[in-house]
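A.B. asks: Sequence:
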Amino acid sequence: MTPVSDQAAAAYMAKYLSKTVGGVRGGGTDRSITSYEELDLLPVPAHARALMGMCRRLGQLGELDRLSLRAWAHALGHRGHRSHDQSC
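Using my numbering, the letters of the sequence shown correspond one by one to residues 79 to 166.
No lab work stands behind these hints, which were simulated from the structure alone. Accuracy of the hints is not assured; some may be wrong.
[What the hints assert, rightly or not] FRET-style restraints, in silico, Cβ to Cβ:
hint : residue 1 : residue 2 : range
1    : Arg109    : Pro81     : 26 to 36 Å
2    : Met79     : Asp108    : 26 to 36 Å
3    : Ser113    : Leu139    : 16 to 26 Å
Please read these numbers as outputs of a predicted model, since none were measured by experiment. Backbone N, C-alpha and C fix where the C-beta goes; we use that ideal spot for every residue, glycine too.
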């Protein structure tokens, strides 16, 4: 498996996060996810579910603690919901 740079991973996540703007539900959800079981029940596309699950898994790595990925998995790792951003 080829390593992916932080910038490339962020760009990939931003691509899918931006799909939630304008009412298109291609991305996360508006509430925190507390378990993998809860994640399985969310009414989101499989790809978004996989991205949220990866945020939860990566959030368990000590070197990524500063990113708070587990806390923000519901928003695909983005701290702050993009649909509420002034730049939209």
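A.B. asks: For every hint, state whether the structure bears it out.
C.D. replies: So, going through the hints one by one against the coordinates:
Roughly 33 Å separates the CB atoms of Arg109 and Pro81, a value that falls within the hinted 26 to 36 Å. Separated by about 33 Å at the C-beta atoms, Met79 and Asp108 satisfy the suggested range of 26 to 36 Å. Hint check: Ser113 to Leu139, Cβ distance near 18 Å, so the stated range 16 to 26 Å holds.
Hint compliance for this structure: every hint is met.
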